[in-house]
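**Q** Sequence:
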Amino acid sequence: TAAPAPAIRPGTYAVGPQDVLKITVFDEPALSGSFRVDAEGGFQYPMLGRLTTAGLTTRDVESLIRARLEDGYVRRAQVSVDLEQSRTRNVFIVGEVRSPGKYPLTAQMTLIEALAAAGATTPSAGTEVLILRPHDGGSATPLRPEDADRANVTRVSLAEMQMGRLSQNVTLAEGDTIFIPKAERFFVTGQVRNPGAFVFERGITVLQAISLAGGLSEKGSSRRLKVVRMVDGKRTEEKVDLADTMEAGDTLVVPQRLL
Numbered sequence: 098t099a100a101p102a103p104a105i106r107p108g109t110y111a112v113g114p115q116d117v118l119k120i121t122v123f124d125e126p127a128l129s130g131s132f133r134v135d136a137e138g139g140f141q142y143p144m145l146g147r148l149t150t151a152g153l154t155t156r157d158v159e160s161l162i163r164a165r166l167e168d169g170y171v172r173r174a175q176v177s178v179d180l181e182q183s184r185t186r187n188v189f190i191v192g193e194v195r196s197p198g199k200y201p202l203t204a205q206m207t208l209i210e211a212l213a214a215a216g217a218t219t220p221s222a223g224t225e226v227l228i229l230r231p232h233d234g235g236s237a238t239p240l241r242p243e244d245a246d247r248a249n250v251t252r253v254s255l256a257e258m259q260m261g262r263l264s265q266n267v268t269l270a271e272g273d274t275i276f277i278p279k280a281e282r283f284f285v286t287g288q289v290r291n292p293g294a295f296v297f298e299r300g301i302t303v304l305q306a307i308s309l310a311g312g313l314s315e316k317g318s319s320r321r322l323k324v325v326r327m328v329d330g331k332r333t334e335e336k337v338d339l340a341d342t343m344e345a346g347d348t349l350v351v352p353q354r355l356l
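Under our numbering, think of the first position of the sequence shown as 98, with each following residue one higher.
Treat the hints loosely; a few may be bogus.
[Stated by the list, open to error] In silico lysine-lysine, DSSO-like type, Cα no more than 30 Å apart, as pairs:
1. K323 to K279
2. K316 to K336
3. K331 to K279
4. K316 to K199
5. K316 to K279
[Claimed, not checked] Simulated restraints, written as ranges between beta carbons of each label pair:
6. I209 to R299: 19 to 25 Å
7. M260 to P220: 17 to 23 Å
8. E334 to R195: 36 to 42 Å
9. P352 to N266: 42 to 48 Å
10. R147 to R252: 37 to 43 Å
11. K279 to G330: 16 to 22 Å
12. S196 to R252: 21 to 27 Å
13. A164 to G346: 58 to 64 Å
Source of the hints: derived by calculation from the structure; they are not laboratory data. We treat Cβ as the ideally placed atom computed from N, Cα and C, and that holds for glycine.
Sequences and hints are given; from them, build the entire structure.
**A** As structure tokens, then:
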């Protein structure tokens, strides 16, 4: 079962259409009240006219109103903005995380923050995350990889992000689905020190696969290598060189030296 969605931190909620804001200006009842954000992302406010709030947090709206009021209307305006009614915007986190489910989208929420909210990835998670962003800008239900025709798909390397490459730390949008697939695996058998199953990463070479398996055994040879691979549902055997790349599900067979 999904964990309860975490509460939105005060001031971090990104204001959007159909939200109702409760605005209080101390000692100014005529400037206080409830205001509904329209479809264009703004609302009419006494004396100041139309205010645009698209992309702003509730704290940003406080600062905007305070600055505008102090510009000739109210000295030292004390303004508070609270979310009275929310058309809550969500992201979905599914797959290999500890607490999959629907989570509220906070302002400038990033992939790292979303994964942390979902309790981080499970040990069986792969090294790549898919972010599916629906073409229509919103979705009431999570998307799956097979829904890719309805979405823009961004692939993010968890491994690179964990190494500090923050270009991989995508800023999320309403309706995004973060899909963490199970790790795909490949196998190494024969004359290596530690034969077994290993997590597949896109672009891994035969040489790197042998290295993950502990390197060649004393009797192992880096010649006459072959992979057993399923192609169109049929089992095939192919000769490979050290520089060739592995595919998910491959079994690399390392032979014994002839002499």
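**Q** Now look at each hint and say whether the structure bears it out.
**A** Hint check:
Distance hint between K323 and K279 is fulfilled; the C-alpha atoms sit about 26 Å from each other, no more than 30 Å. Under the criterion of a C-alpha separation no larger than 30 Å, the hint pairing K316 with K336 is consistent with the structure, at around 19 Å. Simply put, K331 and K279 have alpha-carbon atoms about 23 Å apart, close enough for the 30 Å limit, and the pair holds. A distance of roughly 53 Å separates the Cα atoms of K316 and K199; the hinted pair therefore is violated under the 30 Å criterion.
Distance hint between K316 and K279 is unfulfilled; the C-alpha atoms sit about 34 Å from each other, more than 30 Å. A hinted range of 19 to 25 Å for the beta carbons of I209 and R299 is consistent with their spacing of about 21 Å. In this structure, M260 and P220 meet the distance hint of 17 to 23 Å, their C-beta atoms being roughly 19 Å apart. As the Cβ distance of E334 to R195 is approximately 40 Å, the hint placing it in 36 to 42 Å holds.
With their beta carbons about 43 Å apart, P352 and N266 fall inside the hinted range of 42 to 48 Å. As the Cβ distance of R147 to R252 is approximately 41 Å, the hint placing it in 37 to 43 Å holds. For the hinted restraint 16 to 22 Å between K279 and G330, the CB-CB distance of approximately 21 Å keeps it satisfied. Separated by about 23 Å at the C-beta atoms, S196 and R252 satisfy the suggested range of 21 to 27 Å.
Evaluation of the 58 to 64 Å hint for A164 and G346 yields a pass: the beta carbon distance comes to about 60 Å.
Checked against the numbered hints given earlier, this structure breaks hints 4 and 5; the rest are met.
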